[in-house]
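Given the coordinates of chain A, assemble chain B onto it according to the supplied hints.
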Amino acid sequence: MSAVLSLRQVSKVYGAGNAAVHALRQVDLTVDGGELVAVMGPSGSGKSTLLTIAGSLEEPTDGEVLVCGDDVSTMSTDAQARMRRRAIGFVFQDLNLLAGLSAVENVALPLELDGVGARAARAAGMRVLEELGLAERAAAFPDDLSGGERQRVAIARAVVGDRRLLLADEPTGALDSANGEAVMRMLRAACKRGIAGVMVTHDAQLASWADRVVFLRDGRIVDQTASTGPDAMLAGDVAP
Amino acid sequence: MTATTATPPSTDRPAPRRAPGGGLPARRAVIRWAVRLFRREWRQQVLTLTLLTIAVIGATFAVSATYNMASSSDATFGRADHLLRLDGGDPAVLDSRLAAARAWFGTIDAIGHHYVAVPGLFDPVDVRAQNPDGAYGAPMLALRQGRYPAGAGEIAITDGVARTLRTGLGRRVSLDGHDRLVVGVVENPKDLADEFALVDVAHADPPQTVTVLVAGDQASLEAFRNTIDGPLVRESRPAMTRTVIAAVTLALATVGLLLVSLVAAAGFIVVAQRRLRQLGMLAAMGATRRHLRLVMLANGTVVGAVAAVLGTTIGVAAWLLVAERVETAAGHRIDRFDLPWATLGAEMVLAVATATAAAWWPARAIARTPIMRALSARPPRPRPARRTALAGAGLLAAGVTCLVLSGGTRPLLISAGTLSTAVGVLCIGPAAIRLLAAARGRMPVAVRLALTDLVRYQARAGAALAAISLAVGISVAIVAGSAAAEAHTRRTAGLGNLADSTLLVRIGRPNNPVIPEHTPAQLASLQAQIDQIAHNLGTPAVTPLDMAVVASYTDPGQNGSSQPGHPAVEIGTPLADGQTMTSYPLYAATPELLHRYGLDGAAVAPDTDVLTIHTGPLELGNIPERNVHPKTQALPDTGYSSMPNSLVTANMMARHGWQPARVAWLIEADHPLTGQELATARDLAASAGLTVESHREQASLTTLRTGAVAAGALLALGILAMTVGLIRGEAAGDLRTLTATGAPRRVRRTLTATTSGALALLGAVLGLAGAYLALVSVLHRDLDALTDVPVAHLAATTVGLPMLAAIAGWLLAGREPSSLSRRRLD
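These protein sequences, in sequence, are chains A and B. Under this note's numbering, think of the first position of the first sequence as 1067, with each following residue one higher. Under this note's numbering, think of the first position of the second sequence as 1308, with each following residue one higher.
Just so you know, these hints were derived from the structure itself, not from any lab. The beta carbon of each residue, even a glycine, is placed where N, CA and C say it ideally should be. Treat each hint with caution, since some may be false.
What the hints assert, rightly or not - Distance windows between CB atoms, simulated:
hint	chain 1	residue 1	chain 2	residue 2	range
1	A	G1183	B	G1652	31 to 39 angstroms
2	A	G1183	B	A2028	17 to 25 angstroms
3	A	P1108	B	A2018	52 to 60 angstroms
4	A	S1142	B	A1745	37 to 45 angstroms
5	B	R1694	A	D1094	35 to 43 angstroms
6	A	T1143	B	V1629	51 to 59 angstroms
7	B	A1745	A	T1143	48 to 56 angstroms
8	B	A2028	A	A1086	36 to 44 angstroms
9	B	L1697	A	T1291	54 to 62 angstroms
What the hints assert, rightly or not - From the derived model, a few chain A residues whose C-beta atoms are all more than 12 angstroms from chain B:
hint	residue
10	S1072
11	V1079
12	R1091
13	S1109
14	S1122
15	T1127
16	D1137
17	D1180
18	S1243
19	A1270
20	S1274
21	R1278
22	Q1290
23	T1291
24	A1292
25	S1293
Pulled out of the complex, with its shape left as it was, chain A reads as follows (with noise of 0.2 angstroms):
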């Protein structure tokens, strides 16, 4: 599989003088497709920066973030705006959905905006809602979907279209253990089906279903490990 994310250099600093703060200093990281990434660490480590910074919700102070070989730090705008519309989707841990939308008109928002008539996104994520085993609640809205079931359409928002990178912050993080699971399986076969991903979480146990754990420490990366976990819990061991 080819990269679908590359951080080179990557610097971030907050502020300025002695203000200053150091959210990431010179982090390289490289995520292919069907690669499923944990990113962990102390709280202010830098996890969540590496994520919007990834996902072009932030510039980099310095350093390059390619996203399908691009680079987006020197894209304009409007052009990241569209690199997120097409290859980047997006979990946070709550607020994921738009209120006056259902469920199936938030998934099919991103290819909306993206220029999709409106009768072929609904239908494109029907599909992924009925990939998902959404389909019954495609009409319900946000208030009226339970948190896993907002996360799950999120997820569904997240791989609608082809997108091939998926980044999730503390995805599970608002959700009961039954839920997560259901959550990480669901992010886990998105990969499987060649997306790149990079999660951030606090949970070793959630991060053993990544196919690598990468370790973040004052903005820099102090380890990375693969991950043995996530084939013998997909191999059924684990209850959904």
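Here is chain B on its own, set in the frame of chain A:
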């Protein structure tokens, strides 16, 4: 649950060809979301919606009312462009002129008038011969009951004539020796005061005068006039049609709508802040800045559209309800559905446009907020206030310049100046907030925190302050402006129209430029009635008032509805257009009248033409000659507006061959007249067809001022309610910390009270300053008008409003906000 095993995305598949910004589908999706959000959260925008709706209701009603209430020139012209008044004294001349008019204009519509004197009545009855289906006169005639007369022995009459002659439908009436059956009740629907009797054209007596309605341009009319020997009385339909009046009303309403939209902008900023996280999420999904702006703009458009539809519907419904009831006041029939629909449509479009424009600034600000800042619901960093303040100062300077240059008479400059000044004051708001916060040094901790939060949440606080300043500014402008207008009226009208011991008894209607002819017997009869009136008032001084008339000119009668007479010579100030002038009554300087002013004949210079209180270029009107500028001499000013203030000398009258014609009597008692005395005088005058003018109390605008203060305060409190809760909700973290450290409930109350009180105080001060700045600029040539300061009303605004806001904040902050324990997600 099923793990999916779908086909992996092909990485080398070319990207589909779509519009870079998502094109129409993206815009449609964004607008759909915005509309859904509005449906979910319309209650949060109810104040903005209400304000816009009220503005649209006001505009709709005002446009509908002015369009229908404006006296229509159709009352005189029907469908014609011009009218000619022909004398019927010589039937041969009349016929030749009618033939000439028909040959010149093609279609004409002739209406014959025969004035019939009725014993016991001062005014004759106008017996009219008019074709109900006339080409141009049809709109001037309508059948209320019965049918039109169709024979020599039939007649139709108006309600007024029926009352005067004490007759009615189905009864017989005798006029000028003809006994006729009343077969119908008619009216001029465009002028209900037009009283007449209608006879069959084929069986009418020879007319004394004929009104000829014609169509064509002004040049054609003047060319026709040149073909006629001798004078030809002609009038053209005034250019100021009711459609134009409605359009002017709409233009004025637009200024109001724009001011309201500034308040609406504050409301939209609050909405934008509430949606910050959701908009951040949308941006994270790949929405461009244009998409983000579109969300807010669509919201503004939806609010504007709802307000436009609601406001127009309610405004039209209100008009339909009251339309019939105002017919009497309007003086003409009103077709309640005859509305300027195109103007109303333009007003709806305008309402949507202004609401959309009001959402532009918040939309722009929100689209520029960094995505992570939006996702964490942190408001944008406060911008340095200095730049905005500088822009505000520039706008204030521009506004003041426009207002000064307007001289209070140029609507375009006044509108531009008002808007520029208003926006300038609003721009100074953030600097004012910082200035107030800078003074927090030694204040209690809760007050310090509240003032700090105003700076931290400057966007919201600034928007609220802008809206409050505007509400207070409009209120203060009304309060101070009405006080200035009262002062101006007192000074220009002096002591009012007349002293409370004086009566002005006029023959006929006031301001009628045609003086009816009276026989010596008629004048003697009127004089006897005046003597009777004077007798009832003790021993008053009675001064007859004459006007100068051009005896060689005979006017057949205004609108053909009153008796013929001679035009009175007028004096006036020519206006800029060179065609019209502001005219004043010109009385004959009789020895009795001069004596009334303490003058005698010797005091008047031999070459003086006119004695007057007026200054500047003066010109005489209603005379055969043009550009006659009289030599004037100052007349002592009585201070009363209805007293004779311009007198033409006997020399001038003799030189031009003008004749004096009796028009009124000035009766001055030695005591203030009682209500009973006035009533008796009016009854006596009415029985002789005279009209009485007496001292009028000058209307007070106190109620208007009180209403303006109340409305401004209510609006300001509504804005505060909308904003303060939001600011305090954002600062819930501080409150949580304070509570954890043992701060009592009083601290929470103080925080809210200070926030709302401070915003109200700043709004009151800025609004007051802005309003007075604008007024001083407009009235810079007449600053004396502003010396009467309505202290009570202004104190209620500047002191009462902040106190009320602080007290309300204190009382309402007792309950623990939900945000203390649970953060709002959106």
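So, going through the hints one by one against the coordinates:
Remark: the range hint 31 to 39 angstroms for G1183 (chain A) to G1652 (chain B) is upheld by a beta-carbon distance near 33 angstroms. Checked against the hint of 17 to 25 angstroms, the pair G1183 (chain A) and A2028 (chain B) fails, with Cβ atoms roughly 43 angstroms apart. Hint check: P1108 (chain A) to A2018 (chain B), Cβ distance near 58 angstroms, so the stated range 52 to 60 angstroms holds. A C-beta distance of roughly 40 angstroms is found between S1142 (chain A) and A1745 (chain B), which places it inside the suggested range of 37 to 45 angstroms.
At about 41 angstroms, the CB distance of R1694 (chain B) to D1094 (chain A) agrees with the hint of 35 to 43 angstroms. Distance hint check for T1143 (chain A) and V1629 (chain B): the Cβ-Cβ separation is about 55 angstroms, which falls inside the suggested range of 51 to 59 angstroms. About 36 angstroms separates the C-beta atoms of A1745 (chain B) and T1143 (chain A), a value inconsistent with the hinted range of 48 to 56 angstroms. Distance hint for A2028 (chain B) and A1086 (chain A): a CB-CB separation of about 42 angstroms, consistent with the stated range 36 to 44 angstroms.
Evaluation of the 54 to 62 angstroms hint for L1697 (chain B) and T1291 (chain A) yields a pass: the beta carbon distance comes to about 58 angstroms. The beta carbon of S1072 (chain A) sits about 14 angstroms from the closest Cβ of chain B, which is more than 12 angstroms, so the claim that it is off the interface holds. For V1079 (chain A), the requirement that its beta carbon stay farther than 12 angstroms from each beta carbon of chain B is met, with the minimum near 15 angstroms. Non-interface status of R1091 (chain A) relative to chain B is upheld: no Cβ of that chain comes within 12 angstroms, the nearest being about 19 angstroms off.
Listed as outside the interface, S1109 (chain A) is consistent with that label: its C-beta sits roughly 15 angstroms from the nearest C-beta of chain B, beyond the 12 angstroms cut-off. With 12 angstroms as the threshold on Cβ separation, the claim that S1122 (chain A) sits away from chain B is violated: the shortest Cβ distance comes to roughly 9 angstroms. The non-interface label for T1127 (chain A) is consistent with chain B: the shortest C-beta to C-beta separation is roughly 14 angstroms, beyond 12 angstroms. Distance check on D1137 (chain A): its Cβ is at least 17 angstroms (rounded) from any Cβ of chain B, clearing the 12 angstroms threshold; non-interface status holds.
At the 12 angstroms boundary, the C-beta of D1180 (chain A) falls inside the reach of chain B, the nearest C-beta of that chain being 6 angstroms off. Residue-level check passed: S1243 (chain A) sits 15 angstroms from the nearest beta carbon of chain B, beyond 12 angstroms. Distance check for A1270 (chain A) against chain B: the nearest CB is about 23 angstroms away, which clears 12 angstroms, and the non-interface claim stands. The beta carbon of S1274 (chain A) sits about 17 angstroms from the closest Cβ of chain B, which is more than 12 angstroms, so the claim that it is off the interface holds.
Look at R1278 (chain A): its CB is around 19 angstroms from the nearest CB on chain B, clear of 12 angstroms, so calling it non-interface holds up. Non-interface status of Q1290 (chain A) relative to chain B is upheld: no Cβ of that chain comes within 12 angstroms, the nearest being about 24 angstroms off. No Cβ of chain B approaches the Cβ of T1291 (chain A) within 12 angstroms, the least distance being about 24 angstroms, so the stated non-interface status holds. Taking the minimum C-beta to C-beta distance to chain B, about 21 angstroms, the non-interface status of A1292 (chain A) holds against the 12 angstroms cut.
Distance check on S1293 (chain A): its Cβ is at least 18 angstroms (rounded) from any Cβ of chain B, clearing the 12 angstroms threshold; non-interface status holds.
When held up to the earlier numbered hints, the structure conflicts with 2, 7, 14, 17 and fits the remainder.
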